[in-house]
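Number of protein chains: 2
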Amino acid sequence: MSAADLMAALFFADMRFDPKNPQHPLADRLIMSKGHAAPLLYAMWAEAGFIPRERLTDLRLFSSNLEGHPTPRLPFVDVATGSLGQGLAAGVGCALNARRIGSDYRTYVLMGDGETAEGSVWEAAASAHFFKLDSLCAILDINALGQSRATELAHDLETYRVRWSAFGWHVIAIDGHDLPQILDAYKEARATKGRPTIILARTLKGKGVTFTEGLPNWHGKALSKEQMEKAFEELNRQLAPDGNEVPKIPAPPAAPPPEAAAEMAVPQFKLGDQIATREAYGSAIAKLGAVDPRVVALDADVKNSTFSDKFEAAHPERFYQFFIAEQVMVGAAMGLAARGAIPFPSTFAAFFTRAADFIRMAAISGVNIKLAGSHAGVSIGEDGPSQMALEDFAMATAQPNFVALYPSDAVSTERLVGEAAAHQGPVYIRTSRPKTPVIYDNSEKFPIGGLKVVRKSDKDTATVIGAGVTLFEALKAHDELKSKGISIRVIDLYSVQPVDAASLIEAGKATGRLITVEDHYISGGLGDAVARAVAPAGLTVTRLAVPEIPRSGKPDELLDKFGISARHIVSAVTG
Amino acid sequence: MSAADLMAALFFADMRFDPKNPQHPLADRLIMSKGHAAPLLYAMWAEAGFIPRERLTDLRLFSSNLEGHPTPRLPFVDVATGSLGQGLAAGVGCALNARRIGSDYRTYVLMGDGETAEGSVWEAAASAHFFKLDSLCAILDINALGQSRATELAHDLETYRVRWSAFGWHVIAIDGHDLPQILDAYKEARATKGRPTIILARTLKGKGVTFTEGLPNWHGKALSKEQMEKAFEELNRQLAPDGNEVPKIPAPPAAPPPEAAAEMAVPQFKLGDQIATREAYGSAIAKLGAVDPRVVALDADVKNSTFSDKFEAAHPERFYQFFIAEQVMVGAAMGLAARGAIPFPSTFAAFFTRAADFIRMAAISGVNIKLAGSHAGVSIGEDGPSQMALEDFAMATAQPNFVALYPSDAVSTERLVGEAAAHQGPVYIRTSRPKTPVIYDNSEKFPIGGLKVVRKSDKDTATVIGAGVTLFEALKAHDELKSKGISIRVIDLYSVQPVDAASLIEAGKATGRLITVEDHYISGGLGDAVARAVAPAGLTVTRLAVPEIPRSGKPDELLDKFGISARHIVSAVTG
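Taken in order, these protein sequences are the chains called A and B.
My numbering puts the first sequence at residues 1 to 575.
My numbering puts the second sequence at residues 1 to 575.
This is chain A alone, in the form it adopts within the complex (with noise of 0.2 Å):
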């Protein structure tokens, strides 16, 4: 109710749309950051025609997609909101995406006061300016109530102010209720050249029922029979008379035709030469950056160790700099998927637990988007504990929709950066920092879902499992062993998820023991994705993973102190 008239305005008098087809590529867009005032995103379009009326009251059953927080599941959510503080990011993502195709929609972000406390916001406003968006608008409902309490600001426009000047947007502040103050707020807004905007819009949580109205204790909370009934009876008379007529909403241009991408050559990697995946990974996304032009790269601030600078280099109107902002980053992305492109965002695959909510929120929108974390694991080395991730894949691997890649040379690399943009839906891919050989010839293919058995005899005692740097140590393990008459099988696990149950489960079968080996933590990795598979045959798992916090030190010492390197496979096997 504090944003319904700001929304009605914008929906019904500004805002350029096709309301029978939500997803039109050039329509302006609405980003519903405050998630929870869904009912007045629903009602929006059911005035605009697109909701049947009489399915309004079907909120929040599990039969209607009217959740009780918008998900894509409807056409006219780009993203899910709900979690706080996301939707600028996403609103980023979007504008630079017009920019992209050379688009003039708008963007526009509506934000619960309470949410600019997160810092998400704040990174989202610093790069909104840093891209010069003025196609993009956020809309402040500062309604002054959080949902336990009265937000830090209350009614304070004039810090709001301050603080979204220092971060060089545009600032109309306007009474929220006041519809000619509200018009002329976006048409200001859309007179704004060279930077974002926002709308401070001071406005009265429960607006228009007197026993609501700017009171505290009603989030989220359903009025009894009869207090509806009195809601009802105030704001009736303050209606004007419903004649069930759709306001006319400007149309969008009409739709390009869908932008194709074409095939990606080959690799042209030789057999044995040294390159570290995270290498072949920029190599990989520069090259199908060449071939698809709805590959975008993301960066914040490590391009040069996540050689996301070579697609910079190659396609620098496509590569966008977040700086140390994972979250908008990741929002961002999110915001670039939900418009078409295929967006690569990187970092230190540690960073992105920074980012973890937006992955999680990412996750539940099935946005298309290829998270690339490079530095994974002890095998880094020097640089200690905090750069290591040791749990991406924890992370990746709990959402149900997420793949989970891990190449373990640059030909796998960038086969699964190619496999990763030809799959519809969230993707993760880890790389590493070590060089690793070259090991697999240029023709070879690495569908999502399956798996190398690299080293296999009819003797096989034991199936060691592994990806990344790990292979390399089962590798080893497998030739030490051989040395003493002892064959093992070696599997390449490059898709951690989906993963190839029946082939984990032929081979722990056919050598009768599985062992994973894993610069992980022993939760929620390849250990764990490999024993749910097997687990319906019956078959258990023996993991190496790393088993504490680690520290500092070479990389193969690091391996060998916690437990993961060729001597400890080879002990796993023998022991």
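Misleading hints may appear alongside valid ones.
Derived lysine to aspartate or glutamate pairs resembling EDC-like cross-links, with alpha carbons at most 16 Å apart [to be verified]:
| id | chain 1 | residue 1 | chain 2 | residue 2 |
| --- | --- | --- | --- | --- |
| 1 | A | 20 | A | 47 |
| 2 | B | 554 | A | 213 |
| 3 | B | 187 | B | 134 |
| 4 | A | 230 | A | 213 |
| 5 | B | 435 | B | 556 |
| 6 | B | 193 | B | 134 |
| 7 | A | 456 | A | 480 |
| 8 | B | 435 | B | 279 |
| 9 | B | 456 | B | 479 |
| 10 | A | 221 | B | 382 |
| 11 | B | 221 | A | 382 |
| 12 | A | 554 | B | 58 |
With the C-beta cut set under 7 Å, the calculated list includes, among others, these residues of chain A facing chain B [what the hints assert, rightly or not]:
| id | residue |
| --- | --- |
| 13 | 84 |
| 14 | 130 |
| 15 | 134 |
No lab work stands behind these hints, which were simulated from the structure alone.
Virtual Cβ for every residue (Gly too), placed ideally from N, Cα, C.
Here the structure of chain A is known, so what remains is to put chain B in place on it, guided by the hints.
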């Protein structure tokens, strides 16, 4: 080198501490938020006499605690840094602790300019202003160079000034290589009352060496031997002769006696009463707070949902409101814990993912924090997936030194809150939204690492392992199966990490089958924890867990639709 002058002046002309006892409870604190400046920190403590000078060259060796980034393995490090943007939040916690214990110790935080792109910095900025933390002084080393390029704002001190002023800080802008200016700034900060101070220091990266000063591409790069010799030559010319004299550092007041806790009275619940574990959590921390002055509670504007408002009502002076800003809440908890408090930050379990990187660093720090996440799983119902924590155990149990607890009724909740407080180290407690009956006698104890066998007979043909809401589904299934003449064992796995492997193996062997049922996604939860525990005995686990992204609906409906209701347990047992 950009921060060396700032730090030398701080450490040897401003701070009050005991070079022989860095953990002195009343000593001023220094948090090196830009953890990559670790060599500077180590050099300072060597100069102060705590580290033998000859040990400085052990930097980054496995045998040394002088790691690539600082960790609390070194007694002068309160919280691990190296994931940028966390130090100021920890500093807020250190400063709040000074207030808690009535000390005038000061807290200093050295930040890099690049890290102020992290939203968490602005969460901390807003909180420090809200709490009027005039004992907190941030020092911003504005060297204008990030890792991969110039920072967004370069040497634009004016924009920094406007932003920090907008967030309510006292701002002092100086030349960070001018010692008189630096000393004056510390003096001014110390004299500033009612708000925190930030010193904006214009600096040059690689200061003092002609071929590095102010130049890019030296981040994290070692000099060649020749370059090093040249650098030493240049630096030596600029130094005063070295007398190996330890500067005179002001001593803190005598340390107070350690704080102590009395024992909590036994729970006072009535069997069969319906109480949500989140509510029992609220009353438990309030009760705990009455017997232990170290206990504090932190909220992110959901105190009326998590019931932490019960703590606020009882102990308002130890209740800290962070509004909707989970990162600073957890970061401040880290700082409080590092200085002797026992902080219980609480929010919806789903929203702890917002602070996942802080939780990762809390694990590396080994700090004594007690995270409490409410509203776990699909059992929250209509609010939908954005509010449902289904990956929280994956996040918490990935950290090898985290304890993860999951009470099912009010008695076990209160007992586990007590256990969490008594345990030294990080703990995660998961509570639920729906009311559940009290099933345990008030005298029951719940040691960390234990479990409860709640149904058992000699004829059990399977063991069903649940916790939280699914324990009650298991009990329903037990009764239904019993009426059909089938006996099952039912285990309450209240301690998910560490897990009681011996009892699980015993139950598995006795009953032939282990079935886990959890209101969590399949990866990283109870099923994986049990599977890891029983694998060494050759046992496998059948897992019932939420298999896909859920949606809004009624709690019971969702438990059933997503495969974790009594009906599914019965099928798993009989199928």
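Hint-by-hint comparison with the structure:
1. 20(A) with 47(A): 12 Å, holds
2. 554(B) with 213(A): Judged against 16 Å, a Cα distance of about 29 Å means the pair is violated.
3. 187(B) with 134(B): The hint holds at about 13 Å.
4. 230(A) with 213(A): Distance of about 13 Å is within 16 Å: holds.
5. 435(B) with 556(B): OK: residue 435(B) and residue 556(B) at ~12 Å, within 16 Å.
6. 193(B) with 134(B): Roughly 5 Å separates the two Cα atoms, so the pair holds.
7. 456(A) with 480(A): 15 Å, holds
8. 435(B) with 279(B): 9 Å, holds
9. 456(B) with 479(B): 12 Å, holds
10. 221(A) with 382(B): 13 Å, holds
11. 221(B) with 382(A): With Cα atoms ~13 Å apart, residue 221(B) and residue 382(A) stay inside 16 Å; holds.
12. 554(A) with 58(B): Roughly 13 Å separates the two Cα atoms, so the pair holds.
13. 84: Holds, about 5 Å.
14. 130: 6 Å, holds
15. 134: 18 Å, violated
Checked against the numbered hints given earlier, the structure breaks hints 2, 15 and satisfies all the rest.
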